[in-house]
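Q: Listed below, chain by chain, are the residues.
Number of protein chains: 2
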Amino acid sequence: MSNPLPTSVLVDPGSGEMAGRTRRYQKRFDELAGLFADEAAFAELVRQRGSEVAYQVDEFRPSERAGDVIFGTSTLYPGKVGQEYVFTRGHIHAIGDRPEIYHCQSGHGVMLMELADGTVHAEEMRPNTVVYVPPHWIHRSVNVGAGPFVTLFCYPADAGQDYGIIARSGGMRDLVVDDGAGGWTQAPNPRYRPRALAGAA
Amino acid sequence: MSNPLPTSVLVDPGSGEMAGRTRRYQKRFDELAGLFADEAAFAELVRQRGSEVAYQVDEFRPSERAGDVIFGTSTLYPGKVGQEYVFTRGHIHAIGDRPEIYHCQSGHGVMLMELADGTVHAEEMRPNTVVYVPPHWIHRSVNVGAGPFVTLFCYPADAGQDYGIIARSGGMRDLVVDDGAGGWTQAPNPRYRPRALAGAA
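Order-wise, the sequence lines are chains S and Z.
Going letter by letter, the first sequence gives residues 86 to 286 in the numbering used here.
Going letter by letter, the second sequence gives residues 86 to 286 in the numbering used here.
Please keep in mind that the hints were generated in silico from the structure rather than gathered at the bench.
A quick note: this is a predicted structure, and the numbers were derived from the prediction, not measured.
Quick reminder that beta carbons are idealized off the backbone N, C-alpha and C, glycines included.
Any given hint could be a false lead.
These stretches of chain Z come out as covered by chain S in the derived footprint (C-beta under 8 Å, 3 or more residues) [claimed, not checked]:
1. 89-100
2. 114-121
3. 208-214
4. 218-225
5. 235-241
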């Protein structure tokens with residue numbers, strides 16, 4: 086039998102470090118080129134912090150078999166690019182009807198979600214918030230706080246990730262930006278191109 | 086489309102209360118008859134606390150569709166029956182190859198796991214521990230602490246639960262008992278009957 090054994094891992098809610106992970110994945114700020122609306126501000130961020138880690142994923146992946154689950158931590162460091170808060174690249178699941186749950190461990194963030202037709206939904210997250218991202222929703226984490234935004238996620242092991250759906254549309258429909266009063270708000274993304282809807286009348 | 090909408094729930098890590106749940110399930114102590122080795126001690130517990138809640142499950146169940154996930158909180162109150170620590174009834178998934186993850190929110194517990202052939206594995210849990218229960222492992226939560234033992238769980242939505250596999254064997258192979266020094270230890274269950282192994286040579 087190739088079944089995995091019972092396993093225990095330990096999550097540090099402040100740093101997102103997961104002792105017992107099977108894999109770690111990191112993105113530096115200089116790997117996020119083309120994602121932010123203000124290109125001059127992004128160039129300046131890269132000049133100052135380009136080689137720093139923007140976000141990190143620690144995961145426990147027992148298998149990629151249908152019916153199994155993968156879980157792990159996502160740690161997104163704080164920052165702004167012009168008025169835009171720093172975010173993860175975001176994805177939709179390659180098998181589109183697979184959901185995901187995110188459980189906030191620390192920090193202050195927004196789960197920004199979007200359907201292919203451009204319907205947008207944002208959920209604010211603080212410690213102990215759990216967000217259910219339903220099937221067929223593109224999703225991205227945004228850090229609107231001053232410290233790391235750490236979530237514990239869980240999703241079906243066969244889900245996979247499609248990152249291209251966001252890139253092909255020039256980003257997500259809305260930006261999450263500074264509201265000028267220490268909070269956040271949504272603003273239209275000027276570079277957004279609506280997706281052609283298969284099957285639309 | 087009957088897909089669920091994005092949803093946010095809030096977990097109270099101390100009480101296990103989940104605001105935004107779709108269902109709550111409770112078991113009183115007097116509903117746990119026949120599960121503990123010391124029947125006189127169980128009768129005394131029922132006399133004193135029979136109508137109290139022994140454990141409670143708050144869940145968010147978007148669907149029972151293959152590929153979806155169900156999550157929720159399990160809150161197991163403290164207690165002992167003779168030398169045995171209080172536990173949940175326990176189950177194996179009706180679709181046997183479905184796993185489950187448990188993330189300790191508060192308290193001190195043990196995830197007691199067992200394969201059909203009687204192989205036993207116990208994982209101690211404190212806040213921030215995450216246990217992966219692999220496919221084909223029977224599992225039960227045990228509270229070895231002085232306060233509520235609260236976990237957040239997540240499992241594939243089509244998994245289902247089979248409770249009979251434990252009852253038919255007279256319980257799980259090991260008991261989790263007081264070690265006489267304020268801690269816990271495993272002891273053989275005198276009522277355990279090994280399962281007939283289909284396909285054994």
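Q: If a hint holds in the structure, say so; if it does not, say that too.
A: Hint-by-hint comparison with the structure:
no.	hint	verdict
1	89-100	holds (count 10)
2	114-121	violated (count 0)
3	208-214	holds (count 5)
4	218-225	holds (count 5)
5	235-241	holds (count 4)
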